[in-house]
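Q: Okay, here's what each chain looks like letter by letter:
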Amino acid sequence: MIETDIIIIGAGPCGLFTVFEAGLLKLRCHLIDSLPIPGGQCAEIYPKKPIYDIPGYPSILAGELVDNLMKQIEPFKPGFTLGERVENVEKKEDNTFIVTTNKGTQHAAPVIAIAGGLGCFEPRKPPISNILDFEDRGIDYIIKDPEKFRNKNVVLSGGGDSALDWAIFLAEDLASNVSLVHRRNSFRGHPDSVDKVYKMAKENKINLITDAEVVGLNGNESLNSIDIKQKSEGLINLNIDYWLPLFGLSPALGPIANWGLNVSKNSIEVDTLDYSTNVSGVFAIGDINTYKGKLKLILCGFHEATLMVQSAFKIIYPDKKLSFKYTTVMGEVKGF
Amino acid sequence: MDENIILIKVIDREDQTHEIEAPTDMNMNLMEICKAYDLPVKGTCGGMAMCASCHCYVESEHEISDASDDEEDMLDQAFFVENNSRLGCQVFMNEKLNGLIVRLAKEND
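From first to last, the protein sequence lines are chains U and V. Here numbering that gives the first Met the number 0 is used: the first residue of the first sequence is 0, the next is one more, and so on. Here numbering that gives the first Met the number 0 is used: the first residue of the second sequence is 0, the next is one more, and so on.
No lab work stands behind these hints: they were computed from the structure. Do not rely on the hints blindly, as some may be mistaken.
[As the list claims (entries may be wrong)] Below, computed lysine-lysine pairings styled on BS3-like, alpha-carbon distance capped at 30 angstroms: (1) K195/U x K48/U; (2) K295/U x K8/V; (3) K264/U x K34/V; (4) K41/V x K47/U; (5) K48/U x K105/V; (6) K124/U x K47/U; (7) K143/U x K124/U; (8) K293/U x K34/V; (9) K34/V x K47/U; (10) K147/U x K201/U; (11) K102/U x K70/U; (12) K143/U x K204/U; (13) K91/U x K320/U; (14) K295/U x K41/V; (15) K293/U x K105/V; (16) K124/U x K41/V; (17) K264/U x K95/V; (18) K105/V x K124/U; (19) K295/U x K105/V.
[As the list claims (entries may be wrong)] Only some residues are given here: those of chain U computed to face chain V with a beta carbon under 8 angstroms: (20) I44; (21) Y45; (22) K48; (23) R123; (24) R182; (25) R187; (26) F246; (27) P250; (28) G253.
Positions of the beta carbon are idealized from the N, C-alpha and C atoms, including for glycine.
Just chain U, with the same shape it has in the complex (with noise of 0.2 angstroms):
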């Protein structure tokens, strides 16, 4: 069990700076997130994209903030939970709240901080109806482990990166058959790998199908082909071992509009006295909340972190005093 004074439900640049601003009050934070990497949408979404309305920055990529955060927050030694979604929060009788992953991972905390941003980052699924009967059953949306791949038969769909970085790679020497399916009859990935991708078609070591969408599913216990539809042929029927849909990922507030908090449009109801929920003890800050006037903007979410962490200490320390200090008071930043 991990323990800490606060945990925080998401890692981007609102729950980073939390524990900044927890730090500078003695509180210890550990951040879980469902993403292998800190940084929220800045990390996975926008890395290269500049910011305009960081006080103090004209301009900083959003890739930039991330790693500046690190930096600022790296004496207070937070934890990371990382790649795991939070997917069951109980609060016992004492008051504290013990949060479990989908992994297991449990974790213990007085406080909880909801920074969870548009929510939980998931594989965009293709729309066919029975998809979900083959999910860990012949279909991934995420490659874990290549060598599963080894001598079978995988097609991939999807025009991006992804999907032809991993069509090259499994194409060259481990699956023994690689099919890539994509909507349109031109890639948009890396120049690079586009070209590789046409010249492994060419030396047939990579079937390409374009104009071309997979329509349909079939298998008993797991898949054993796939029905494409292609502009020209109609449709095709392929025996296959695996099929990879690779188009990214979107976000979805997944298990966090079943923990019992007043939830609105998709985002966490607060009072804006401390950005605290109608659960004592959980607050929600950042792009995740909502009330009158909520603007989603990255410095209000600092704003936020700032204030919520101030009730955060009443609630974990209910007896002590705080007393208000400019940073520069306190001269350089002393951690744990």
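Use these hints to put chain V onto chain U, whose structure you have.
A: Then chain V, alone, in the frame of chain U:
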């Protein structure tokens, strides 16, 4: 009518047509206009062409500036994509779009 206002039609997923006024002098895009009228467009990524939750079909013959690489990339990852597919967040309101007709694409969740 105000010279900086155009009329557009948005057909929602229940086949209801909404005729709405859109300002052309506020640098607003179709996704933002739809949200302002409480039409069911999520606009999750805030208009960066990175989520496809504002995917729509242009059903009138209006000339709209070509899709950027970012928009094409996103459409490659979206579903129910047709030749007239666009991301609402990349369609900016201007006087040439008066009378525009768009249909919201199906959601996949």
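Q: Hint by hint, note whether the structure agrees.
A: Here's how the hints hold up against the structure:
Between K195/U and K48/U the CA atoms are separated by roughly 28 angstroms; this keeps the pair inside 30 angstroms, and the hint holds. Restraint check: the Cα-Cα separation between K295/U and K8/V comes to about 28 angstroms, which is no more than 30 angstroms; the hinted pair holds. Restraint check for K264/U and K34/V: satisfied, since their Cα atoms lie roughly 12 angstroms apart, inside the 30 angstroms limit. Distance check on the hinted pair: K41/V and K47/U sit about 24 angstroms apart at the alpha-carbon level, within 30 angstroms; holds.
The suggested pairing of K48/U with K105/V holds, with an alpha-carbon distance near 29 angstroms, which does not exceed 30 angstroms. Only pairs whose Cα atoms come within 30 angstroms are accepted, and K124/U paired with K47/U is accepted, the gap being roughly 26 angstroms. Taking the CA atoms of K143/U and K124/U, the gap is near 17 angstroms; set against the 30 angstroms cutoff, the hint holds. Pair hint K293/U plus K34/V holds up; C-alpha atoms about 15 angstroms apart against a cutoff of 30 angstroms.
Note on K34/V and K47/U: the hinted pairing holds, with a Cα-Cα distance of about 27 angstroms set against a maximum of 30 angstroms. Simply put, K147/U and K201/U have alpha-carbon atoms about 26 angstroms apart, close enough for the 30 angstroms limit, and the pair holds. Restraint check for K102/U and K70/U: the C-alpha separation of about 28 angstroms stays at or below 30 angstroms, so the hint holds. Only pairs whose Cα atoms come within 30 angstroms are accepted, and K143/U paired with K204/U is accepted, the gap being roughly 22 angstroms.
Note on K91/U and K320/U: the hinted pairing holds, with a Cα-Cα distance of about 26 angstroms set against a maximum of 30 angstroms. In summary, the hint linking K295/U to K41/V is supported, as the alpha carbons are separated by about 14 angstroms, within the 30 angstroms threshold. A distance of roughly 28 angstroms separates the Cα atoms of K293/U and K105/V; the hinted pair therefore holds under the 30 angstroms criterion. Of the supplied pair hints, the one linking K124/U and K41/V holds, its CA atoms being roughly 18 angstroms apart against a limit of 30 angstroms.
About 34 angstroms separates the Cα atoms of K264/U and K95/V, which puts this hinted pair outside 30 angstroms; it is violated. Our distance criterion of 30 angstroms between C-alpha atoms is met by K105/V and K124/U, whose separation comes to about 14 angstroms. Simply put, K295/U and K105/V have alpha-carbon atoms about 26 angstroms apart, close enough for the 30 angstroms limit, and the pair holds. Hint status for I44/U: holds, given a least beta-carbon distance of 5 angstroms to chain V, under 8 angstroms.
The criterion of a C-beta within 8 angstroms of any C-beta in chain V is met by Y45/U, whose closest approach is roughly 6 angstroms, and the hint holds. The interface hint given for K48/U is met, as the beta carbon of that residue sits about 7 angstroms from the closest beta carbon of chain V, less than 8 angstroms. For R123/U, the interface hint holds, since its Cβ comes within 8 angstroms of a Cβ in chain V; the closest pair sits about 6 angstroms apart. Satisfaction of the interface hint for R182/U is found here, the shortest Cβ-Cβ separation to chain V being roughly 6 angstroms, below the 8 angstroms cut-off.
Residue-level restraint check for R187/U holds (minimum Cβ-Cβ distance to chain V is 5 angstroms; threshold 8 angstroms). Checking F246/U against chain V by beta carbon gives a least distance of about 4 angstroms; that is within 8 angstroms, so the hint holds. Hint status for P250/U relative to chain V: holds, with the closest Cβ pair at about 6 angstroms, below 8 angstroms. Interface hint status for G253/U: violated, as the beta-carbon distance to the closest one in chain V is roughly 11 angstroms, over 8 angstroms.
This entry does not satisfy hints 17, 28, going by the numbered hints stated previously.
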